[in-house]
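Q: First to last, the sequence lines map onto chains A and B. The first sequence begins at 1 in my numbering and counts up by one. The second sequence begins at 1 in my numbering and counts up by one.
Wrong hints could be hidden among the right ones.
[As the list claims (entries may be wrong)] Listed next, with one range per pair, are the computed distances between beta-carbon atoms: (1) A224/A x P151/B: 54 to 60 Å; (2) R35/B x S17/A: 54 to 60 Å; (3) A36/A x P287/B: 50 to 56 Å; (4) P287/B x P428/A: 27 to 33 Å; (5) S109/B x L427/A: 26 to 32 Å; (6) D296/A x S294/B: 56 to 62 Å; (7) P151/B x G245/A: 17 to 23 Å; (8) E368/B x A224/A: 47 to 53 Å; (9) A224/A x A429/B: 18 to 24 Å; (10) D223/B x E188/A: 29 to 35 Å; (11) G187/A x E322/B: 27 to 33 Å; (12) E218/A x T416/B: 39 to 45 Å.
Honestly, the hints are just simulated from the structure, not real lab data. Here the structure is a predicted model, which is why all the values come from computation and not from measurement. All C-beta atoms in this analysis are idealised placements derived from N, C-alpha and C, irrespective of residue type, glycine included.
Number of protein chains: 2
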Amino acid sequence: MPVNATHDPALTSWVASAQESSFPIQNLPFGVFRRAGETFRGGVAIGDQIVDLGLVAAHLDGLAGEAAHAGSASTLNGLMGMGAAAWSALRAALSAALATGSPLQDAVSACLVPQADVEMGLPATIGDYTDFYSSIHHATNIGRLFRPDNPLLPNYRWIPIGYHGRSSSIGVGPESFPRPRGQKRPGEDGVPGFGPSARMDYELELGVFVGAGNPQGEPIPMDAAEDHVFGICILNDWSARDIQGWEYQPLGPFLGKSFASTISPWIVTMEALAPFRTPFTRPAGDPQPLPYLSSDANAAAGGLDITLETRLSTEAMRAAGEAPTRLSLGSYRHAYWTVAQLVTHHTVNGCNLQPGDLLGTGTLSGPEAGMEGALIEITRGGKDPITLPNGETRSFLADGDTVVMTAWCERDGAVTIGFGEATGTVLPAR
Amino acid sequence: MPVNATHDPALTSWVASAQESSFPIQNLPFGVFRRAGETFRGGVAIGDQIVDLGLVAAHLDGLAGEAAHAGSASTLNGLMGMGAAAWSALRAALSAALATGSPLQDAVSACLVPQADVEMGLPATIGDYTDFYSSIHHATNIGRLFRPDNPLLPNYRWIPIGYHGRSSSIGVGPESFPRPRGQKRPGEDGVPGFGPSARMDYELELGVFVGAGNPQGEPIPMDAAEDHVFGICILNDWSARDIQGWEYQPLGPFLGKSFASTISPWIVTMEALAPFRTPFTRPAGDPQPLPYLSSDANAAAGGLDITLETRLSTEAMRAAGEAPTRLSLGSYRHAYWTVAQLVTHHTVNGCNLQPGDLLGTGTLSGPEAGMEGALIEITRGGKDPITLPNGETRSFLADGDTVVMTAWCERDGAVTIGFGEATGTVLPAR
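Bound conformation, chain A alone (with noise of 0.2 Å):
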């Protein structure tokens, strides 16, 4: 999807909360949101408003018109499933509608709603949830834990390592979720412990939407793979590391991961992610993909420079009015496999990607220290716990820890457009 009259950084909106917000009319992320008492029903962010997309249907021609009439249930499944050309003509309908002396200002402003009125849903009935592991600096990290000597397995540079995770305890942020009981590994009597996790942690992700789909036996070769993602969000991929440590060998993580996950309301197109696009490089001496997983494109621009932030706010930290505290900052565009790639990956084996399908980049993590995407990286499985700016101290997250992670994107010659928020908090065990 090439940079296009959209992304024109001299676009200015009539809604004038747009410029300088994370939401200007580059942007033009989707969600679902409900008024209380009404049904979800789709939504485009601009500003501090929302573009309700069964209002605005009626204004809009041909395609887009189409579009926005299927954006307008209560998941936008529909609008994923009609494909690339659609949600295109409907983000060409909406920027010029929305744009600073269009004809349409007066209709438009009729289908407003305010975001600060509304709670904002899950913006799709997600059918599959796939968790990869596309960090190299991630997966090192981990694998350095256990293999000092030997971090990374051999399968790691061939391959975009992923599994399957649970959709159900898919949430959109804010949300908040009890601190998560299990078995732990046993201690010297050999029995093993059970209770409340006792080493929680967040993970970093970005969430990919799938769009249109694939018929089962039927893999998507690299070249269509972006054709079938409809945007990016955030995702904080919730572990109990106690748990996992004992229960996933040898099929994987599985009670561990599965009690929450969160994800940020909006997703951002990947049309809208068009001027923020890097190379595909790997580091010298580490091979190329093999043949099925490598394409021109996704070596000129496979990549997505996406600047990514955690930050952490304890109970305390709330008592005495003390803003959240950065834990990292970091970029999407360290990792080590492509959107595209996941995507084409995925399929050919035949396997069937649905509308409202997630995949999770994994654990986004950079080359430096401050760029490491969960506790367990940064408190080196928690042997060096850190110290926050108050004096409290932490080796994994305490009851009442609020994870907040922001997304952006920012270049010389294109207007920034953001993510907004995944947060999350944890509350004591039940």
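For chain A, the structure is supplied; the task is to place chain B on it using the hints.
A: Relative to the frame of chain A, chain B by itself:
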């Protein structure tokens, strides 16, 4: 769910084909069906007929009528979500209506559809699919291939090991699918192979359909676990062993499994299985389950004696008019973990189950030769090919091979009930 009047061995149906069939009046399994040109809807098998739930609802009172109405939808999720009291009321009412001498015979006769006339559909929208590993014999057989001296990992006897599977590629048999392609372990040049799987296998499992779900954060205790289970079908969790072997460290199976899974079309309810319960026991010297996985009811009758058979039909056999040949004959009573333990463990961390979720038992192998639930066990990793009656040999499945899985329950003093078949065919890679 105790044995009651619906299990009375003396009970017969005015549907003459019911007697001596897999679907006598003591069974009454649920599925969804359609005739050509119709939409899918729920039904109950009786002999070689199907009771159309939408049609029969008008003849049933109270909760039974409401349950039949819910079951008339295109999937059974609504009926599943109503809970055990509703399923039981519907079973009692259908048992009475189908019994020899029922005053409803004429009315219900008009609600019957011959099974020969219909196509069966996926009985539920499966939100999440979880695959367990509940046969210690399978875990030991597989582990021995990799770790001859120490086949079982330390967590096996404590945790019902499980992992998340792929929902989208679950289909109802009979079905066929192309042999999957994928990466395989590197040879001497260090570069992974890529191509059609050369180690295609089946896995003989049972599939447990969740009925009423649980709210996120609220575990299901052992004594309530089976109230959340709608019923059981046969499940073939096809596996590409070479793809799986290269990809599965450290996060578990992914593309080696996600290309296809095949279930049988009829779900046998937990109530229908009441006469076939077995005590839950641990071999001498094995630890007892932790308290959260223990209950008196589970100890007394947590197990199920379900006979399981796998047969193979090759293209050459079909061309010669030869019947499928048996590969294994075993029973679910050999499993190390019960259905209730799978449900309770799955939710102990607060994970929410939803109506229509599917829990696979994992491959069900028994303690003796001839009871192995997968070719990799029978052929010891492909090293000891089997010879079929027609002289063909198999280390793994060949193109055109059809795997037929059947299951039934038989016991003195009870009428034998069947599950039907889960049948699938491996087609050549595309």
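Q: Give me the numbers of the hints this structure contradicts, sorted from smallest to largest.
A: 1, 5 and 11
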